[in-house]
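Chains A, B, C and D are the protein sequences, given in the same order. If you're matching positions, the first sequence starts at 11 in our numbering and goes up one per residue. If you're matching positions, the second sequence starts at 11 in our numbering and goes up one per residue. If you're matching positions, the third sequence starts at 11 in our numbering and goes up one per residue. If you're matching positions, the fourth sequence starts at 11 in our numbering and goes up one per residue.
Because the hints were derived from the structure by calculation, they are not lab data. Keep in mind it's a predicted model, so treat the numbers as computed, not measured. Nothing false has been slipped in among the hints.
Since the list gives no way to pick one copy over another, a pair counts as held whenever it fits inside one copy or between any two copies.
Below 30 angstroms or equal to it, Euclidean Cα-Cα: the simulated DSSO-like pairs (lysine-lysine) are:
1) Lys99 / Lys338
2) Lys84 / Lys69
3) Lys158 / Lys209
4) Lys335 / Lys99
5) Lys54 / Lys315
6) Lys40 / Lys158
7) Lys99 / Lys84
8) Lys55 / Lys315
9) Lys315 / Lys37
There are 4 protein chains.
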Amino acid sequence: MIIQLEPNIKEEELEVLKSQLSSIKYKANKVSTQFGDYIVAVGKKDFDIRTIGKLPGIKDIHRVSDAYKLVSKKWKVGQTQLDLGDEVKIGDGEFALMAGPCSIESEEQIQKTVEHLKANGVKIMRGGVYKPRSSPYSFRGLGIDGLKLWHQIASEAGIKIITEVMMVEQIDSMIDYIDVFQVGARNAQNFNLLDALGKVDKPVLLKRGMSGTLDELLQSAEYIFSNGNEKIMLCERGIRTYENAYRNVFDINAIATLKEKTHLPVIADPSHGIGVRRFVDKIAYAATVAGADGIIMEVHHSPEKAFSDGQQTLNFQEAETVYKKVDKYLELRDSL
Amino acid sequence: MIIQLEPNIKEEELEVLKSQLSSIKYKANKVSTQFGDYIVAVGKKDFDIRTIGKLPGIKDIHRVSDAYKLVSKKWKVGQTQLDLGDEVKIGDGEFALMAGPCSIESEEQIQKTVEHLKANGVKIMRGGVYKPRSSPYSFRGLGIDGLKLWHQIASEAGIKIITEVMMVEQIDSMIDYIDVFQVGARNAQNFNLLDALGKVDKPVLLKRGMSGTLDELLQSAEYIFSNGNEKIMLCERGIRTYENAYRNVFDINAIATLKEKTHLPVIADPSHGIGVRRFVDKIAYAATVAGADGIIMEVHHSPEKAFSDGQQTLNFQEAETVYKKVDKYLELRDSL
Amino acid sequence: MIIQLEPNIKEEELEVLKSQLSSIKYKANKVSTQFGDYIVAVGKKDFDIRTIGKLPGIKDIHRVSDAYKLVSKKWKVGQTQLDLGDEVKIGDGEFALMAGPCSIESEEQIQKTVEHLKANGVKIMRGGVYKPRSSPYSFRGLGIDGLKLWHQIASEAGIKIITEVMMVEQIDSMIDYIDVFQVGARNAQNFNLLDALGKVDKPVLLKRGMSGTLDELLQSAEYIFSNGNEKIMLCERGIRTYENAYRNVFDINAIATLKEKTHLPVIADPSHGIGVRRFVDKIAYAATVAGADGIIMEVHHSPEKAFSDGQQTLNFQEAETVYKKVDKYLELRDSL
Amino acid sequence: MIIQLEPNIKEEELEVLKSQLSSIKYKANKVSTQFGDYIVAVGKKDFDIRTIGKLPGIKDIHRVSDAYKLVSKKWKVGQTQLDLGDEVKIGDGEFALMAGPCSIESEEQIQKTVEHLKANGVKIMRGGVYKPRSSPYSFRGLGIDGLKLWHQIASEAGIKIITEVMMVEQIDSMIDYIDVFQVGARNAQNFNLLDALGKVDKPVLLKRGMSGTLDELLQSAEYIFSNGNEKIMLCERGIRTYENAYRNVFDINAIATLKEKTHLPVIADPSHGIGVRRFVDKIAYAATVAGADGIIMEVHHSPEKAFSDGQQTLNFQEAETVYKKVDKYLELRDSL
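The shape of chain A in the complex, shown without the other chains (with noise of 0.2 angstroms):
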């Protein structure tokens, strides 16, 4: 059950909205996020909520039988838009695409990709600076001067900025340099993490684990939420199956089913969900008419001689051959 209080709420009016779920043995979980004050309260006894919700100070009030609970569609019927400035925004109705390489390199590579996103009206970058890798041997990135290199030359050029952040502490040095925090499929459940974002008023985009369930990625999205940060948005990049024919298989199930799940934003991710240079396009498209807020691909000016995974990773020219596409089957989608 989810309760959203009235801004101006008294301290008595909340005591007694306490005392009634507790009352009815249910535990009541405080959240205050940038945009309003829930109380989500988790109990088994069955009861009428009009008593609850005709109490003072209650603005509204829903059962979410979900797992999760204030990122439900049964709890916001509309859907979230997140505003990064500037114009760029993301959800209801708003598409986005990002794009970038899979590490930042170097000051030319920076630019070199600023200046192709400008080309081709693409606003978000992506890039890793901090990298997740398998191996401890592997580069693992050029970590925060990379990133303050990298957030001089976007921002002069007006491109907003996407990385990933792996671990709490390097929230605070990251946040003046970032337009979303990407939480990546290893971190998905780092609970701590997504604790920690959720305390931040930063736009977070949160991939699915590797073999994470939809369940498992609301909930975590949840974990955010309910720590005080509602712009949130989900991202498929494709699961671990049996078959090795591609990295990964982009579940395109998931786009649909999400959308009906959440109010939240749904991006794809089709670079890492096929994980093969010449098919990253067609899964572009699927997602795209399968119902997609956003894409994100990786893109870089030369992937033969990029640092790491070129193996997904597009050429300009067959970037904007994807940007281009996927606007004319998004044009389609709304139309119909």
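Go by the hints and put chains B, C and D onto chain A.
Chains B, C and D alone, transformed into the frame defined by chain A:
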């Protein structure tokens, strides 16, 4: 290595070829189909194929390193097109819609479905008369009598029939009443059935196994082809994973990838691919833009009352919307 | 609900029973096996089964809520034991070792294997004469002639034969030469084959599908039982997962769980369960202490030269060690 | 390639080595642990390692072709043994039983558990004070205060403590109160946490990810080792599959296979491995005979009342039976 023989190759020329292959320790498999005669030679030794290519009676020769041979695009670059007669074609630019109930149930049901398909320009009707069911106590289909009734009504209306064959013994009795044999996911590696279907001159739609790899699917198709039947199409119908939010995960990657691996038409089954009625449409659109050559879909005049598996079945109105939108997406796809 | 009938139930008593079931809208399936006559009644209505239990001609009656019925331990609490003759028994305290090559190759191979088995007190020999192979160009077994040769040598030596049957048409020609029919993983849901094996009076070893659930395995067994053959054993042979360090993942959980779900013997196939020769022993021991009623294992006098699948095949010396250690673990298991 | 340095290698000798590696374009990673100094050199060029092996200051040198290096058995053939003090050892012939509740709940619970363990000769107690929970509204553990209380009671009784650490910031506050840090399945690729655990001198039990490969598990262990901590053990705890009859599939293959791939102790978690209380015993026995170096298991004085995850938790009586039988199987295993 595949060697296509001239239609008029002489016996002694064939002997020369065989002895050459034997001398390099290649095992020669003779394949004769509706459309040609081939030698599929399997061996390890590396040698100059031109030596053989220049022999009299040889039309064409290619190395094919894949585990599958004749169905590989490395053998045949152009797309295969299946011709069902009466201008109903599948593949190589001809997109096929196939729709109908899970099970054939009654004359009334057949008639309603046929009318619905005609009204929407859908030329192929699916439906089961032999149903593979997990439990022996479930309804297992109307059998051959149901098929004959269906055939009578459908052929009068100019509608083609696709239906599942479950065992070798059924082939003969079914063949006059069907236009396409379907091999179900559970029989995807029933090699005797595949052998037998290679010996008839009817198109076969081969479904991917529940957890079959693309390589296994293509090798199963190779069984049919190498027994003499080139009229094959492949069908992606979702794979089994850990995710319980839907019955299967439709493998959109498979559509894009199969189109590169094989010259055979690739069909998508969005109904089983997600198994949730209200999302079937999205999967149909996604598969279309990812490059599918057709869609096979469950429709019923009253899904709630369907004998079996109603959960993924669209009603006529829902299906009409899908046909129309698929058409639009297809038109855009082909124009880009 | 399962109703066991008295052997001498009168026709009119049966009619009374059927009309009672019909009146509560239960569908009655009559099952007659080597050992008894049953009515498996499937319906939804809740009612007092004692009403039916008291009717004349009824020996026993039980509710069975599982999807499978006659193979459930909810129906039969005691363990089923299969008797292959000559004191060779499986289940209910009788542990069975079965060993032999992947494929039957030659008289010499058969003789060597038979000698090896005799020398080690192993009474059942496995081997394939019809081989399910992914590629149509692979060796597919010696067929019925190989089986006859094998039968001649094995029966003289007092060794029982278990071999795979792949299609209904093979049953009649094989039945006089085998002691146990094996249904392979790829045919685990070949329902026509299961039906047909239910109509003969020979034991059947049923392998779990490559990604089959326990529930599906038990329902496949139910097909055999409900067609009239109670002589069934189940076989865990590894499942398909994302892990590539071995061919399959042997599902040790299945051994423990199946023993609770069903009264049928549960056999472990460690060879396919891991697919790596030097670890087969460990899986055999693990399966034994987890409660298996037997082990089926690949051995060959010269695994490196085996026609097929030598990678998981033990040589005679390795196999001897396994037989002996399995015996020790079994002895300890039964003493605890 | 791994190069073990002499403890007293001179600075100039090290420089010579580094320049040699540099000249063949190998990247040198210096690793210093509690037990030795190593250079892990990664590169592509083939060369004669004896050239380097003969340099002064070099103790040992080996090629290791695996993706993981220092944890590979190709580097260290003998088994690693962890010493927890007070004669509590794990690995290389020392089998470890670890048992305790899912969550630490109360003083009474700790005391009862400690008594139970002492009475049964179990020297290591497991329990969670920081709990990773899918939902943010679930009980997340007693935290550091719970740990201090636990430490006080356990250390008095001579019982060692293993408990999960979820984030880098917790390490310092926990380190004086624990004997083994546990890394949970959800953090199996939380590389920053692994880095940090490599910098302390405490044993770490590293769980395999929910769908982690053995290779990933070993590379995660390499993170810890290469940061300076050789005291690592690995834990198989079941993988995620399509099968719903149990929570996870315990991968018995992993036990046998890991014992060959690494010199680190391999622990089995049968509780999570199957997730069904009445089958935990069978999995414990199976893992033991398959070669595990220890068992970690959930026990509670009253599983029905446990705060969390009671479904797989044994009561004291059940656990006693398991300890005893594991001992018997172990004795037999080591005698064969």
